[in-house]
Amino acid sequence: MRRDAFSGCHPAVNFLFFVGAIGFGATIQHPAYCAAGCIAAAVYYLLLKGRKGFKMLGGMAVLFLLMSALNPLLNRSGKHVLFTWFGNPYTLEALYYGMALGSILVVMLLWFGCYSEVLTSDKFTALFGRVIPALSLVLVMVLRMIPAFTRKARQILLARRAIGKGASQTGKLTEKAKDGASVLSALTDWALEGSIITADSMRSRGYGTGRRTNFQIFRMTARDYFLLALILALEIAVILLGGTGASFTPRLKIDPIGWGLAVYCLLLWIPTLLQIKEVIAWRISISKI
Amino acid sequence: MRKSTLFSLLAIFVLIPLTLFLGTQVKGRWYYLISTLVIVELMLPFFFRFEARRPQARELVILTVMAALAAVSRVVFAFSPYLKTITGIIMITGIAFGPEAGFLTGAVAAFASNFFFSQGPWTPWQMFAYGFGGFLAGLIFHNHRSWAKPWILAPFGFFTILLLVGPLLDSCTVFTVLSKFTAKNVLAVYAAGIGYNATHGIGAALTLLFVSRPLLQKLDRLQTKYGILEL
Amino acid sequence: MAHFHIQDLTFSYPGAADAALKDVTLSIQPGEYLLVCGKSGSGKTTLLRHLKTVLTPHGQRTGSITLDGTPLEQLPPRDQAARIGFVMQNPDDQIVTDKVWHELAFGLENLGCDQSTMRLRVAEMASFFGIQDWFHREVAELSGGQKQLLNLASIMAMQPEVLILDEPTSQLDPIAAADFLNTLKKINRELGTTIVITEHRTEDVFPAADRVVIMENGRVTALGQPREVAEQLYREKSQMFPALPAPVRVFYEAAQEGACPLTVREGRSWLSRCFPQAPAIPALPPEPPFPAGKVAALELKEGWFRYEKNGPDVLRGVTLTVPQGSFFAVVGGNGTGKSTMLKAICGICKLYRGHVRLFGKDLGSYRGKLYEGCLSMLPQDPKCLFVKQTLQADLEEMGASPEKIREAAQLCQVETLLSAHPADLSGGETQRAALAKVLLSEPRLLLLDEPTKGLDSFFKQSFAEILKNLCRRGTTVVMVSHDVEFCAEYTDLVGMFFDGQMLTTDTPRRFFGSNSFYTTAANRMSRHLFENAVTAADVVTLLRQNREGSL
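Protein chains in written order, with my numbering: chain A, 12 to 300; chain B, 1493 to 1723; chain C, 274 to 824.
Among the hints, a few may not be true.
Computed list of lysine-lysine pairs in BS3-like fashion (alpha-carbon distance at most 27 Å, straight line) [claimed, not checked]:
id	chain 1	residue 1	chain 2	residue 2
1	C	642	A	189
2	C	574	C	661
3	C	582	A	60
To be clear, the hints were calculated from the coordinates, so they are not data collected in a lab.
My request is simple: use the sequences and hints to build the entire structure.
The following block contains the structure:
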């Protein structure tokens, strides 16, 4: 993963931001807001993913076009008929609506993509460890076991191959399924046996002997408090300022653009701006050396 | 009244209506957001109950192992990348340890495996749908273990996924892509998912057909050997 | 006052006819380093588990255990968790969380420590154990040695008074094991933590221990300082004697003059004192070269391999010839590509340059028939081979006739275990059972990946006998191993693997005789006097020959 300034902030800051970005992104269908969301999300996504991100953006463009073009086929209301197909109207309003829906989906997917990069499992458990202590411990343990189990499963498959057994051999589908089942059963045996040791190790280290605390590796700094307040203020402002209303069918009705959009943009650009600021700071400090 | 029960009742009878009411107040597209919030709130009672019980190390570990196994199980059926075995394993867990354990295993497995791919708008829906699969299997078979024969479980798994788990997952799509909710449109989305849900169902059916017997044996052996209680 | 005091402890598992512990009485002093030795099944693990209530097995028990005068079961679980640390055998399964930092804090979280205490303790431990470089890593990325060190560190973070370790290094390679045991010594010396450890790698632990306990059949049969115990074991001709470090064995079997040496260094100076002048017979006759035969069992020529297109080469022109009927060992450090070479030989890893010939035929020409009578591999973790509910069913999976199964089971000494669940077998039994399964495909070439890992010296011996037996019947055995002592003792040819290539290949005496670091303890102890003594028996023979010569 690349170094990213926003990822370095406290999980609470990250979380609050994504609640706003995804929440607003999923609900606001005002074209200007949608466009702003698309741009901000795409830029930050590229910042996180680097060159690999372009592939995803290409896919998103296709998704957007598809959603836009298909919507009029399902939604036939609207005044301006572009053409008719099999006697059904294909309307401009529905096409606009489709574009809005397409961009909402794109915005959501992109923000979720960023969320996955930024809000890693350790940040998630840091946030919710106090609310759901047992479940967040379960999550942390599952995340350790998944790679271990995968490795073990591959080991078993390899070991069987080297004695001439297993799915690589030609055979009928039922035989392959049976073979897969016996490997899974061996994996289960191994996992359950290990689970007893894990449970012993937990109890041996005092799990379940009383009140439990949560080690917080992330600390709130002054900057985090500032960002938290800023994001919260901006999110409330977006809600209070309004101007986000838009309906498409049967008639286009879109709120005029106001200050709300500017506030919205500022909110969405926080991660990117933070990164730009950090890069500039680095350049300056390097030039000083 | 136990605190966890109180919370559960609160979630279902206060939080959900409140969410729905707020949803109608939102200007714009509230469908996805509100439906997802409701889904999350439906899961809360399960989570609260689990937390309130202060599960012991062994319970915690078994739940974890089953969720991880469910997430990993696909690897061993490497000959067919389309075979989705996760739901089958979750159902087996439900049968062995009861509906609640089945639900939690499903929800955790879905959530955790998304950390290795990507979280998305579908995450809560997946958690709920997989969890529901485990819950249902547990509800029907946990107390009637004599019914849990491979040839009964396989069709059960197939149809549960085709008719319930799959459509639940598709509902997420309904709320994100449709602009107009007519019966025809909604059905069109569900119909589009049938092919995928059928392969998903076949994966689960095959898992239940071939793996359920040895796995249930092992889990039973574990329960007697180490005295792990009802989850 | 004694720290731990065990009085007349007798214990039997439910349903077992024989007691696992019989009248064990033992006092453990504060700050002591106590080594518990015994064959597998002698009750040492059971004894260790009694020292912590949550880990104590269920069963019939009489006698008492006290910690600082308080009966253990009256000590609250939380106190026990903090005061008594327990490290188990398997490095992987003990780890609970997915991140190194979280694992370090896990115990402290359970004890309900506050943030600032946890931060400090975690930081202290990371620094003491040199973990700070991988503090933020995922547990899955760590090596086995690092994992075990993490287990130790996360227990030490709770600042226990006693540290109990049950064969902590059995799953580690020798370098990681030595590293771990050194850390342990440091903990004992610098923090004064009491240590109770079971270990079959006695080379490092035996000299470091303050006292040694020998257990046989659930009884304590010897207890005292290492030298006293060694003497007693020799005098009683105990089965435990061959498990002692090489210098001790040489001392008692050959001379018994002066104080018994425990370490290689002490062994060297003791030998020097035995020979004021250079010995008259400085070398044993070297083994005859292994007959090459017409067709080699395995010929690997200029093999190159890498796992990823742009990744580094793992095999870099490896060339290897193994004569038919030989027991061939490949030694070398961790991560040099030894296991990859085995995978290349059995066709799982395809070479992108070079070729593999088996019994004169190209690997590719075997097609699907490769595993039917030509070659078979015993994987590093033998448990990987068992997929059925009983060993019998697992052996039947190979499609051999009942007579063949009986024969293989007999050869591998697992006839009595056929109805057992494979998961219930002990380490040595699992290894032999896996070998039986592998042999059912009747391979002419048998590949073994680290077969002695985690086996105690008795199981090693019986395992080696089985392999020698196979070689006598004409099977060729290629083994990858870290275990130089085992290779020196039993193999016909030894080759050194380094950096993706095979370096020298020779008979054990020549091979280890010319190495100065990567060699056996007996050789390191005697190389300043003897040219090619590689096993304790070699040193003893030379000592005797010289003594008789001077008479």
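Checklist entry - CA of residue 582 of chain C to CA of residue 60 of chain A, is that 27 Å or under? => result 22 Å, holds
Checklist entry - Within 27 Å, alpha carbon to alpha carbon, are residue 642 of chain C and residue 189 of chain A? => result 22 Å, holds
Checklist entry - Within 27 Å, alpha carbon to alpha carbon, are residue 574 of chain C and residue 661 of chain C? => result 38 Å, violated
Checked against the numbered hints above, the structure breaks only hint 2 and satisfies the rest.
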